[in-house]
Amino acid sequence: MFENTKCECGHQNPPDTTLCESCGKPLGEEALSDRPLEMRYDGVARRSQKKNPNLIDRVWNFFSSVKVAVVLIVITLIGATFGTIYPQENTFINFDPSYYEENYGLPGKIYYMLGLSHTYESWWFITLLVMIGASLVICSLDRVLPLYRALSKQQVRKHIQFLTRQRVTYAADLDGDDEEWTRKLGELLGKKRYRVTAEKTALLAEKNRFSRWGPYINHIGLIVFLLAVLARAIPGWQMDQYVGVREGEAVPIPETHYYVKNLDFEVEYYADDELPDRLKGTLRPKRFVTKAELYVCEANCGSTALEPVLRKVKEHDILVNDPLEYKGLKLYQFDYDTTPRLKAIRPVLTDLKSGETYGPFELSILEPEPEYEVGPYRLKLITRFLDFTVNASGEPANLSNQPNAPAFLFLIQGPDLPAEGETFFYFPIPTDRERFGQDLINGEMAERFDIRVTDMANVEFTGDVSYLNVRVDRALPYVFVGAFISLIGLVMGFYWQHRRVWLRIDDGRLTLGAHTNKNWYGLRSEVAAVLRAAGLEADPKSLDNGGRNK
Amino acid sequence: MNWLSISSGAFLAAFALYCVAFLLYVISVIGRKWNNREPAAHTRKWSGIAFVFSSLGLAAHLVFFFARWAGAGHIPTSNMYEFLTLLGMMIMIAFTILYAIYRSPLLGMFALPLTILIIAYAAVFPQEVQPLVPSLQSNWLRLHVTGAALGEAFFAVGFAAGLMYLLRVTDYNDKSAFARRSQFWLEFSLYVLVVVAGFIITVFAFRGAGYEASFLQEELSIDARGNEVMTTRTVEYQLPPIVKPHASEAVSVQPFLGLDRPLFEAPGWMNGVNAGRKFNTVIWSILSGTILYGLLRLIARKPLGAVIHPLLDGIDPDDLDEISYRSIAIGFPIFTLGGLIFAMIWAEQAWGRFWGWDPKEVWALITWLFYSAYLHLRLSRGWHGLKSSWLSVIGFLIVMFTLIGVNLIIAGLHSYAGVS
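In the order they appear, the protein sequences are chains A and B. Letter by letter, the first sequence follows residues -12 to 537 of the working numbering. Letter by letter, the second sequence follows residues 295 to 714 of the working numbering.
Check before you lean on any hint, since a few could be wrong.
Claimed, not checked - Here are the simulated SDA-like cross-link-like pairs (lysine to any residue), alpha carbons at most 20 Å apart as the crow flies: (1) A/Lys505 - B/Arg397; (2) A/Lys528 - B/Arg647; (3) A/Lys278 - B/Leu317; (4) A/Lys54 - B/Asp610; (5) B/Lys654 - A/Glu349; (6) A/Lys179 - B/Pro428; (7) B/Lys654 - A/Ala67; (8) A/Lys(-7) - A/Glu17; (9) A/Lys505 - B/Ala334; (10) A/Lys367 - A/Glu349; (11) A/Lys505 - B/Leu606; (12) A/Lys528 - B/Ala334; (13) A/Lys528 - B/Lys654; (14) A/Lys528 - B/Leu592; (15) A/Lys299 - A/Arg233; (16) A/Lys273 - B/Tyr396; (17) A/Lys54 - B/Arg474.
Don't read these hints as lab results, they were simulated from the structure. Quick caveat: nothing in here was measured; it's all calculated off a predicted structure.
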């Protein structure tokens, strides 16, 4: 199909241009109306308006639409609300899938089955974010390039219709020389910090063009941000571990060659006179700190037989809001536990038949010896539990690696016992002994032997445990750079406005048109002020062409 | 005389000044039509006086803020009372900026009652200074809260202007289905504002009468390491209990109009801190708000919107639309910085992750997404004026849900301590 796209001013426009790229004369359908002009992107043709689109064009057209972008934003917004109905899986350190049904009944079960318990990691949510990313890129490219072309080659003398159909427009008859008037008005606009280009009796005054690039810079920042967020899925870019370290101990940090040592942990509470009445008597922590040292392991890492070789690389007092940082590794104060726990005990072995008592012997809870000689008897340690429990299949197991409920399984050998020995379970904490039924487990042996701590002087407790959250997030700098670029774009776009004023004087008749991308109120007052300064009668409101984009 | 008593004195002064300024703005708007005067001169004179009073109110509010800061030793932004008074102050700052640009006394007629409502609501929460737990001892947090509040304040002014637009353009003589729908929703919006006022009045009435009831609540929670913990705590009510906390027993209930025991129990899915009490408060608010609304309707004998509509005669709706949009456009970058970027920096320092999909974070993101959709829609034909104003109303609803609703029904890291 042939289409004549040449404007009367002689400029050859690409098809689908709505305002001549050179003189601004309305073209095509735009020429048929007398409403204020649709000035978006200065009426240039965009790639997305191409005729006979192929598949790629169709995809491009889809994502280049602002309407589609808004729909994507709204769907994401609604999708995100689902994830706030119940707590998400990631808020639990030990996640148990039955949580939802147990706590919320059938709705909870459905919630879990629909995968809403991990809304923000679900495929549809990530897809939405990727689609928003595509929309950001394509919307921006589709507009910024033609807009750049249009703004960098603006003609000063515009078509009369272009001026009278601006939203802010003015016309008046002048007395005096046309060129003199043009010069005078140009000077007044210059005082308002406009860049003025005059061409005999026509003039273009423009300011803050840079604000037009604000949205695109904002979008670039958002893309960087989104890419950084997606990059966190790259193996090794992100790590999230928790370690509990007792005072005076060093523990390896999983997934790394580092060890962290807790030299000392302190917690300070608010005194009663610092608290308001309602909170008096409560333990409100004021400050807690782990004096920590970070070591790098150079040999024998993870070996149980050999001592690891450690080299200190950093020391830091870890506070909430003040992590230890070393080469991208960050250790955060997460939690603490000041409950006293057994460290070592010195129990005695009693032969219940003879009434004879042997010992005491030193039994370390955390690092027990493989064998103990107690009187004529030999106690071989078969296994030890720190936090004893009986699991679902009825076997003894550990709940955690904290000595909350220590238990020892000994093999006792000695006089009057079979040569291969007899097993004996020992729970040092009296309530555990009752709770887990030590005497029942031991059967006949319970009538033969007893192991007991006779005096509190024979009990030693461990220090406080500090829980640290160990993180690596290599994407972090990019996340913040993206956010910062985006903010710069927003500020540029919202706190400045691109204003342009065109005017031409034809035989004593002044015609003026002005355009801005935002804040018409400000533009009207500015133009009115300039006109008044030139001695022309103009009320800001009267400049309004009534042209809302309704 | 110490800093804290100066602060509470200044708070009362600010409240009184705002009320006076509100009346003055009303006079400057409706007095135009009084006879024996020239409308333009009347507006100029009275809006000038009103602006002086609202600025004095803001000055007193600033004294309140800084005196409390000096007295507490930390910036007062850490509990509901402090946050809401801060939000009120920020709305006044946003209003003052927009008033300086547009000189519209009408804006004062709508922004001031909003501020008054918010700071009166703030006074419902405990006002004592609370020492900060370690995670709140961060400068980024302070920047986050102040920045977010300022951004939201501009959204609030955008809402006030949007509401004015709707009141201006809704035609109460039009009986078409479309017009009736607009009339209904506009009236509903006004009703919601009356409910908030009803809530505040109820709380202060019962507090003045010294009403008390208390319950013992058992709660099963799961601690950080996955252990189940059973805690028992006492829940104190200051409003008669229509609804009692989930899984609780009454300890003492003062009878009120024959109501001597709760009528029903709060559902278990309400997770927030003291959800039962808050739910009870919501029921009371709706009851008293509805009664208050009914009384207003009895006096006016027509919809409240139809009472306000004629006052706005002769005001260019396009100006209102522009103010609403401009306010939101100014607020958006501030909200992005304060509500999201500073929040991410703080979260990174305190918890080791810049984003954790905590409900409050998600709702801040939803707010941001909503206003970005709004700003994009402003680029399209057909989304100015009416639709845009409705969006500014919905947007503010989302803001208020993020600030208060999330704490009411969803538990999370941001659960502020506070009664009601």
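*Straight-line alpha-carbon gap lysine 505 of chain A to arginine 397 of chain B, limit 20 Å*: holds (19 Å)
*Starting from lysine 179 of chain A, check that the Cα of proline 428 of chain B is at most 20 Å away, please.*
With Cα atoms ~51 Å apart, lysine 179 of chain A and proline 428 of chain B exceed 20 Å; violated.
_With the threshold set at 20 Å, check whether the alpha-carbon distance from lysine 528 of chain A to alanine 334 of chain B stays at or below it._
holds (15 Å)
*Decide if the proposed pair is consistent with the structure: lysine 299 of chain A and arginine 233 of chain A, CA atoms, cutoff 20 Å inclusive.*
holds (18 Å)
*Quickly compare the C-alpha distance for lysine 54 of chain A and aspartate 610 of chain B to 20 Å and report which way the hint goes.*
Violated. Lysine 54 of chain A to aspartate 610 of chain B sits at ~29 Å, over the 20 Å cutoff.
*Restraint check for lysine -7 of chain A with glutamate 17 of chain A, where alpha carbons must lie at most 20 Å apart*: Distance of about 15 Å is within 20 Å: holds.
*Given the proposed pairing of lysine 505 of chain A with alanine 334 of chain B, does the C-alpha separation stay at or below 20 Å?*
Judged against 20 Å, a Cα distance of about 28 Å means the pair is violated.
*Given hint tyrosine 396 of chain B paired with lysine 273 of chain A - CA-CA distance at most 20 Å*: Between lysine 273 of chain A and tyrosine 396 of chain B the Cα gap is close to 47 Å, so the pair fails against 20 Å, i.e. violated.
*Hey, lysine 654 of chain B versus glutamate 349 of chain A, does the alpha-carbon distance stay inside 20 Å?*
violated (53 Å)
*Quickly compare the C-alpha distance for lysine 278 of chain A and leucine 317 of chain B to 20 Å and report which way the hint goes.*
violated (59 Å)
*asked:* Holds or violated: lysine 528 of chain A and leucine 592 of chain B, Cα atoms, limit 20 Å.
replied: Status violated; Cα separation ~40 Å.
*Is lysine 654 of chain B close enough to alanine 67 of chain A, meaning Cα to Cα at most 20 Å?*
holds (12 Å)
Checked against the numbered hints above, the structure violates hints 2, 3, 4, 5, 6, 9, 11, 13, 14, 16, 17; every other hint is satisfied.
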